[in-house]
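K.L.:
With chain A held as given, fit chain B onto it using these hints.
There are 2 protein chains.
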Amino acid sequence: MREIIIAIIRGKMLNLSYTILVLFPVIAVALRVSMNGLTLQSRRSHTMSMMTMSAATIGPRKKVVVLGGDGFCGWPTSLHLSEQDHDVIIVDNLSRRKIDIELGCDSLTPIASIEDRCQVWRQISGKRLRFRYLDLQHDYAELLQFLKDEKPDAVVHFAEQRAAPYSMKDDRRKRYTIDNNLSGTHNLLCAIVESQLDIHVVHLGTMGVYGYGTSGGEIPEGYLDVILPGGRSSKILHPANPGSVYHLTKCLDALVFQFYNKNDGVRVTDLHQGIVWGTNTLETIRDERLINRFDYDGDYGTVLNRFLMQAALNIPLTVYGTGGQTRAFIHISDTARCISLAINNPPKAGDKVEIFNQIAETLRVRDLANLINDKTGCGIRNLENPRKEDAENDLEVSNQKFCNLGLSPVTVEAGLLDEVVNIAGKYQQRCDRSKVLPNSFWNKARADAAATDKAR
Amino acid sequence: MREIIIAIIRGKMLNLSYTILVLFPVIAVALRVSMNGLTLQSRRSHTMSMMTMSAATIGPRKKVVVLGGDGFCGWPTSLHLSEQDHDVIIVDNLSRRKIDIELGCDSLTPIASIEDRCQVWRQISGKRLRFRYLDLQHDYAELLQFLKDEKPDAVVHFAEQRAAPYSMKDDRRKRYTIDNNLSGTHNLLCAIVESQLDIHVVHLGTMGVYGYGTSGGEIPEGYLDVILPGGRSSKILHPANPGSVYHLTKCLDALVFQFYNKNDGVRVTDLHQGIVWGTNTLETIRDERLINRFDYDGDYGTVLNRFLMQAALNIPLTVYGTGGQTRAFIHISDTARCISLAINNPPKAGDKVEIFNQIAETLRVRDLANLINDKTGCGIRNLENPRKEDAENDLEVSNQKFCNLGLSPVTVEAGLLDEVVNIAGKYQQRCDRSKVLPNSFWNKARADAAATDKAR
Numbered sequence: 005m006r007e008i009i010i011a012i013i014r015g016k017m018l019n020l021s022y023t024i025l026v027l028f029p030v031i032a033v034a035l036r037v038s039m040n041g042l043t044l045q046s047r048r049s050h051t052m053s054m055m056t057m058s059a060a061t062i063g064p065r066k067k068v069v070v071l072g073g074d075g076f077c078g079w080p081t082s083l084h085l086s087e088q089d090h091d092v093i094i095v096d097n098l099s100r101r102k103i104d105i106e107l108g109c110d111s112l113t114p115i116a117s118i119e120d121r122c123q124v125w126r127q128i129s130g131k132r133l134r135f136r137y138l139d140l141q142h143d144y145a146e147l148l149q150f151l152k153d154e155k156p157d158a159v160v161h162f163a164e165q166r167a168a169p170y171s172m173k174d175d176r177r178k179r180y181t182i183d184n185n186l187s188g189t190h191n192l193l194c195a196i197v198e199s200q201l202d203i204h205v206v207h208l209g210t211m212g213v214y215g216y217g218t219s220g221g222e223i224p225e226g227y228l229d230v231i232l233p234g235g236r237s238s239k240i241l242h243p244a245n246p247g248s249v250y251h252l253t254k255c256l257d258a259l260v261f262q263f264y265n266k267n268d269g270v271r272v273t274d275l276h277q278g279i280v281w282g283t284n285t286l287e288t289i290r291d292e293r294l295i296n297r298f299d300y301d302g303d304y305g306t307v308l309n310r311f312l313m314q315a316a317l318n319i320p321l322t323v324y325g326t327g328g329q330t331r332a333f334i335h336i337s338d339t340a341r342c343i344s345l346a347i348n349n350p351p352k353a354g355d356k357v358e359i360f361n362q363i364a365e366t367l368r369v370r371d372l373a374n375l376i377n378d379k380t381g382c383g384i385r386n387l388e389n390p391r392k393e394d395a396e397n398d399l400e401v402s403n404q405k406f407c408n409l410g411l412s413p414v415t416v417e418a419g420l421l422d423e424v425v426n427i428a429g430k431y432q433q434r435c436d437r438s439k440v441l442p443n444s445f446w447n448k449a450r451a452d453a454a455a456t457d458k459a460r
Numbered sequence: 005m006r007e008i009i010i011a012i013i014r015g016k017m018l019n020l021s022y023t024i025l026v027l028f029p030v031i032a033v034a035l036r037v038s039m040n041g042l043t044l045q046s047r048r049s050h051t052m053s054m055m056t057m058s059a060a061t062i063g064p065r066k067k068v069v070v071l072g073g074d075g076f077c078g079w080p081t082s083l084h085l086s087e088q089d090h091d092v093i094i095v096d097n098l099s100r101r102k103i104d105i106e107l108g109c110d111s112l113t114p115i116a117s118i119e120d121r122c123q124v125w126r127q128i129s130g131k132r133l134r135f136r137y138l139d140l141q142h143d144y145a146e147l148l149q150f151l152k153d154e155k156p157d158a159v160v161h162f163a164e165q166r167a168a169p170y171s172m173k174d175d176r177r178k179r180y181t182i183d184n185n186l187s188g189t190h191n192l193l194c195a196i197v198e199s200q201l202d203i204h205v206v207h208l209g210t211m212g213v214y215g216y217g218t219s220g221g222e223i224p225e226g227y228l229d230v231i232l233p234g235g236r237s238s239k240i241l242h243p244a245n246p247g248s249v250y251h252l253t254k255c256l257d258a259l260v261f262q263f264y265n266k267n268d269g270v271r272v273t274d275l276h277q278g279i280v281w282g283t284n285t286l287e288t289i290r291d292e293r294l295i296n297r298f299d300y301d302g303d304y305g306t307v308l309n310r311f312l313m314q315a316a317l318n319i320p321l322t323v324y325g326t327g328g329q330t331r332a333f334i335h336i337s338d339t340a341r342c343i344s345l346a347i348n349n350p351p352k353a354g355d356k357v358e359i360f361n362q363i364a365e366t367l368r369v370r371d372l373a374n375l376i377n378d379k380t381g382c383g384i385r386n387l388e389n390p391r392k393e394d395a396e397n398d399l400e401v402s403n404q405k406f407c408n409l410g411l412s413p414v415t416v417e418a419g420l421l422d423e424v425v426n427i428a429g430k431y432q433q434r435c436d437r438s439k440v441l442p443n444s445f446w447n448k449a450r451a452d453a454a455a456t457d458k459a460r
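From first to last, the protein sequence lines are chains A and B. Here the first sequence is numbered in my numbering, starting from 5 and rising by one per residue. Here the second sequence is numbered in my numbering, starting from 5 and rising by one per residue.
Pulled out of the complex, with its shape left as it was, chain A reads as follows:
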């Protein structure tokens, strides 16, 4: 109902097809109740959560460029922003699809081409969604001209290599991650300054910039209150403690934002996101050709999605080390919602870089594995940890700012089985089992340990 009210507020025509689209997930739930009794409760709460947020995200219509809008987070976010009536332009160099080719992997879900995706969305939603092929690292002149031509209100920046294991695979990939991510981010800031436009940058960062256990308690949102020598209080950018080259690039980005904010007054919102899980959102489930990508491979599959895939295939969940790592998680549909909130609540001129922790909850990896194992009985297999990280850590994170803006996030417990049945289960025949195990190692010691483990 709130979706409908919003549509009225915005003066849109309330037609039948729109009503059907809005109600689609509810209808879908009703139709599939008999399919799997277990899924009913989680699906219902999941859907309700998706709907309760909408009122808080209302903002004026904006022109929004989504850099990396063809990717795992970028695509559902682009649709969500379009659905919210923003004028969305996707910019992408399709690097994620190219890396699939390079690694011999593929999304578990069959994803349509970006051209088809945009066309289908137009057919289904009636909203224009444009696409521009552009490489942020290499096409600076085109980027600058594009900004001058389009004059966007906001740019959402997802256009970075985003897998920690890929970033640690070898020197080629370490260098690619650094060069691609940092040059891309810097080119964007540089072009914004050069364009003399007042464009709000919304950047996808990671909780991993903080490291674990260095805050002195709950991890605050970006800035840390400390007492300096001599007793003076100060609020500093939270010290960086990245655990991979990928995470390092997000720490580097943070310094670039601080500088361009200080020197040129660029308005930036940096979102320190937890590990994203899930696949679909209210928008991507409207048509199979809109489906989001689902990565389950050792490089790009985030821990929970890998577990879900393994559960669907009924093979043991691969836990790295003791599984004592505590991490922050967020569902993909909340990613899209948070971006929307960030766009609708930009920093004012002169404000320092706004930083939000974009997470729903924290969970220990072995608890996550046990949760899935309890429900599926697929078993658990502990592997030598390919990563150099603490075996066990606690994690307490503030996500007060998004909650204050009305976010009521989906939790793993509530949304989990949905994914198992509908994605991992449905497309399991597309899975290449040889790709699930880790094949990137943080350093030589970790590679050696894994080799010994395998030989055992």
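What you were told as hints is all true, and nothing was included just to trick you.
Which copy is meant is left open, because identical chains are indistinguishable; a pair holds if it fits in one copy or across any two.
Below, in silico cross-link-like pairs of lysine-lysine (BS3-like), each with a Cα-Cα straight-line distance of 27 Å or less:
hint, residue 1, residue 2
1, K66, K352
2, K266, K239
3, K379, K439
4, K155, K352
Calculated from the structure, these hints are not laboratory results.
P.N.:
Chain B in isolation, oriented as in the chain A frame:
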């Protein structure tokens, strides 16, 4: 005498030509006493200071690669290390000379080609000094093979675009500075890990990474003691507060070092250097073909060298803003000595990144201008500040670590007039006066202010 004792300690043949070279500066002073009575005292203390350090820098002979060894700091350092009997290989892409061409500028001093420089040094010192043309940003494969072939004990990393004004000139130069500096540094670390060699990295950073007034007192050497929320004490990497894209790259480098040190145990010494002034060292004055470069232009000329040039030409010293900026300074000969100390005192395996503040003293810019004006009467002209920075700041910096290793640095007061007479004066006919004024502006507001100032 200590130089001679060191030579004996190292088992070198003590021959006549060596003795003459060592004593050359002393002889030169004696010969030139009558030339300018004013210079006698400063020159003597300068020379003595150069000599008192030597005993502390004795270390085992090492193979040392100097990246950027053709540049303003790199060249005298390479000679100093060679003189100290290290096996030195200069690696450079000659970018500094190319930028001169790009800007239509040239070193005030006539510098020989790198090939001639190396050959002359061999003739004069009897020591081999090799040169390899290589671009750190673009020639990764060659860099890796070079490291594998040469197996250096240490790499000194000067190979970065090092002028703040140039880095702020326009989007092309901002991007070049970021891409060149960060990719270069990362390629180096990446190649060291890939080579599986235990190479000590000595990096030239800048005092500018700290910003001004954010430490709560004296700026410590790299790490800051803070009290975290909850009352726990912690030693954190000093928060970054860069004042230009150039300074930003040094802050980015610092995070790269922290990561590769933590993940792969790379041993790194990062030197946070003050503003370098002066031209020659004990080694570069041995033959005019060994002379170091001297930049006086608005982009590459550091503040004190610009003032010296202006004094020699008897034109007013151009002070930006009120001249209330307090900065840290170091003489070029101390730069070379500090690098030598850093090479001879590497971090141990497992140590965190070692950080030294490489400075002699702090001075307020207007005091510096007054000092020179008092002695030369050339006058002072206050310009609109092209930089976005605090008009006035205090600065207190610890340089205890180098002092503990025996550094007794040259001060401006002691070494100043030497430079005016011998460099700026001698080569003043080579000066292009049109290049002295600032022509890079930190942002649009600063450019506008400068234009208004000029129109007045």
